[in-house]
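Sequences are here, hints too, so could you generate the full structure?
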Amino acid sequence: ILNVEQSPQSLHVQEGDSTNFTCSFPSSNFYALHWYRWETAKSPEALFVMTLNGDEKKKGRISATLNTKEGYSYLYIKGSQPEDSATYLCAFISGTYKYIFGTGTRLKVLA
Amino acid sequence: DSGVTQTPKHLITATGQRVTLRCSPRSGDLSVYWYQQSLDQGLQFLIQYYNGEERAKGNILERFSAQQFPDLHSELNLSSLELGDSALYFCASSVAYGGSTDTQYFGPGTRLTVL
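Chains as they are written, first to last, in the numbering used here: chain L, 1 to 111; chain E, 1001 to 1115.
Think of the hints as simulated: they come from the structure by calculation, not from any bench. These numbers were taken from a predicted model, which means no experiment stands behind them. Certain hints may be false.
[What the hints assert, rightly or not] When the alpha-carbon atoms are kept at most 25 Å apart in a straight line, the in silico DMTMM-like pairs for lysine to aspartate or glutamate are as follows:
id, chain 1, residue 1, chain 2, residue 2
1, L, Lys-57, E, Asp-1029
2, L, Lys-59, E, Asp-1001
3, L, Lys-59, E, Asp-1029
4, L, Lys-108, E, Asp-1001
5, L, Lys-108, E, Asp-1040
6, L, Lys-42, E, Asp-1001
7, L, Lys-58, L, Asp-84
8, L, Lys-98, E, Glu-1053
9, L, Lys-98, L, Asp-55
10, L, Lys-42, E, Asp-1029
11, L, Lys-57, L, Glu-15
12, L, Lys-98, L, Glu-45
13, L, Lys-69, L, Asp-55
14, E, Lys-1057, E, Glu-1082
15, L, Lys-98, E, Glu-1075
16, L, Lys-59, L, Asp-84
17, L, Lys-78, L, Glu-45
18, L, Lys-98, E, Asp-1040
19, L, Lys-108, L, Glu-45
20, L, Lys-42, E, Asp-1040
21, L, Lys-57, E, Asp-1001
22, L, Lys-108, L, Glu-5
23, L, Lys-57, L, Glu-5
24, L, Lys-108, L, Asp-17
25, L, Lys-59, L, Glu-15
26, E, Lys-1009, L, Glu-39
27, L, Lys-58, L, Glu-45
28, E, Lys-1057, L, Glu-5
29, L, Lys-98, L, Glu-70
30, L, Lys-58, E, Asp-1001
31, L, Lys-69, L, Glu-56
32, L, Lys-42, E, Glu-1075
33, L, Lys-59, L, Glu-39
34, L, Lys-98, E, Asp-1029
35, E, Lys-1009, L, Glu-45
36, L, Lys-108, L, Glu-39
[Unchecked claim] Partial selection, computed: residues in chain L whose CB lies under 7 Å from chain E:
id, residue
37, Ser-43
38, Pro-44
39, Ala-46
40, Val-49
We treat Cβ as the ideally placed atom computed from N, Cα and C, and that holds for glycine.
The following block contains the structure:
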């Protein structure tokens, strides 16, 4: 059974703090990893698509790294703002095109 | 606005019934994906179509079926509905067939309530 875990489940940080969360996935049969940002009452919005071991992607204050050998990806937010409050979801795609989503990390940034 | 449209927005029906959910991908996107989000299960991948052909299959029940038409819109058919089918159904689209390396754009979802 393919399992994708995200930690922590939820997180409260103060405005201006930097934070990071983890997505753990099977280290075998890796094809790609997607990160999404999901605000309440909206639909998931793609942040990054990561495919190569050692990949680092950046979008403004948000960045992500990928380690396929050990099966994890980190998402970093620098200088968190209240508008960063959302659930951050990762999705692992296997070589057999199985799409497995983690349960997400719920981030709340306090002003 | 992602450019992906889904209709209807809300649907309320009874157990045993059949419903059809519709999705129009972004202009130029050839792949369509269907996902189910229920309270107890998180986001689950159901099925992917690319240019009219089934490309990948997830945890889609036999009571559910989908297709993608020549104009690239897609329909998800849910039959013999059960209470547990109540969920938010998302459609997403991407440019190519890979899915893994394509950014997926999600529609607003259809909320299905089975009474």
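Now for the hints, and whether the structure bears them out:
no.: 1; hint: Lys-57/L x Asp-1029/E; result: holds, 24 Å
no.: 2; hint: Lys-59/L x Asp-1001/E; result: holds, 19 Å
no.: 3; hint: Lys-59/L x Asp-1029/E; result: holds, 23 Å
no.: 4; hint: Lys-108/L x Asp-1001/E; result: holds, 23 Å
no.: 5; hint: Lys-108/L x Asp-1040/E; result: holds, 22 Å
no.: 6; hint: Lys-42/L x Asp-1001/E; result: holds, 10 Å
no.: 7; hint: Lys-58/L x Asp-84/L; result: holds, 15 Å
no.: 8; hint: Lys-98/L x Glu-1053/E; result: holds, 17 Å
no.: 9; hint: Lys-98/L x Asp-55/L; result: holds, 21 Å
no.: 10; hint: Lys-42/L x Asp-1029/E; result: holds, 21 Å
no.: 11; hint: Lys-57/L x Glu-15/L; result: holds, 23 Å
no.: 12; hint: Lys-98/L x Glu-45/L; result: holds, 20 Å
no.: 13; hint: Lys-69/L x Asp-55/L; result: holds, 12 Å
no.: 14; hint: Lys-1057/E x Glu-1082/E; result: holds, 21 Å
no.: 15; hint: Lys-98/L x Glu-1075/E; result: holds, 21 Å
no.: 16; hint: Lys-59/L x Asp-84/L; result: holds, 13 Å
no.: 17; hint: Lys-78/L x Glu-45/L; result: holds, 19 Å
no.: 18; hint: Lys-98/L x Asp-1040/E; result: holds, 20 Å
no.: 19; hint: Lys-108/L x Glu-45/L; result: holds, 17 Å
no.: 20; hint: Lys-42/L x Asp-1040/E; result: holds, 19 Å
no.: 21; hint: Lys-57/L x Asp-1001/E; result: holds, 24 Å
no.: 22; hint: Lys-108/L x Glu-5/L; result: holds, 19 Å
no.: 23; hint: Lys-57/L x Glu-5/L; result: holds, 20 Å
no.: 24; hint: Lys-108/L x Asp-17/L; result: holds, 11 Å
no.: 25; hint: Lys-59/L x Glu-15/L; result: holds, 19 Å
no.: 26; hint: Lys-1009/E x Glu-39/L; result: holds, 18 Å
no.: 27; hint: Lys-58/L x Glu-45/L; result: holds, 15 Å
no.: 28; hint: Lys-1057/E x Glu-5/L; result: holds, 22 Å
no.: 29; hint: Lys-98/L x Glu-70/L; result: holds, 19 Å
no.: 30; hint: Lys-58/L x Asp-1001/E; result: holds, 22 Å
no.: 31; hint: Lys-69/L x Glu-56/L; result: holds, 15 Å
no.: 32; hint: Lys-42/L x Glu-1075/E; result: holds, 21 Å
no.: 33; hint: Lys-59/L x Glu-39/L; result: holds, 17 Å
no.: 34; hint: Lys-98/L x Asp-1029/E; result: holds, 21 Å
no.: 35; hint: Lys-1009/E x Glu-45/L; result: holds, 18 Å
no.: 36; hint: Lys-108/L x Glu-39/L; result: holds, 11 Å
no.: 37; hint: Ser-43; result: holds, 4 Å
no.: 38; hint: Pro-44; result: holds, 5 Å
no.: 39; hint: Ala-46; result: holds, 5 Å
no.: 40; hint: Val-49; result: holds, 6 Å
Of the numbered hints stated above, none is contradicted by the structure.
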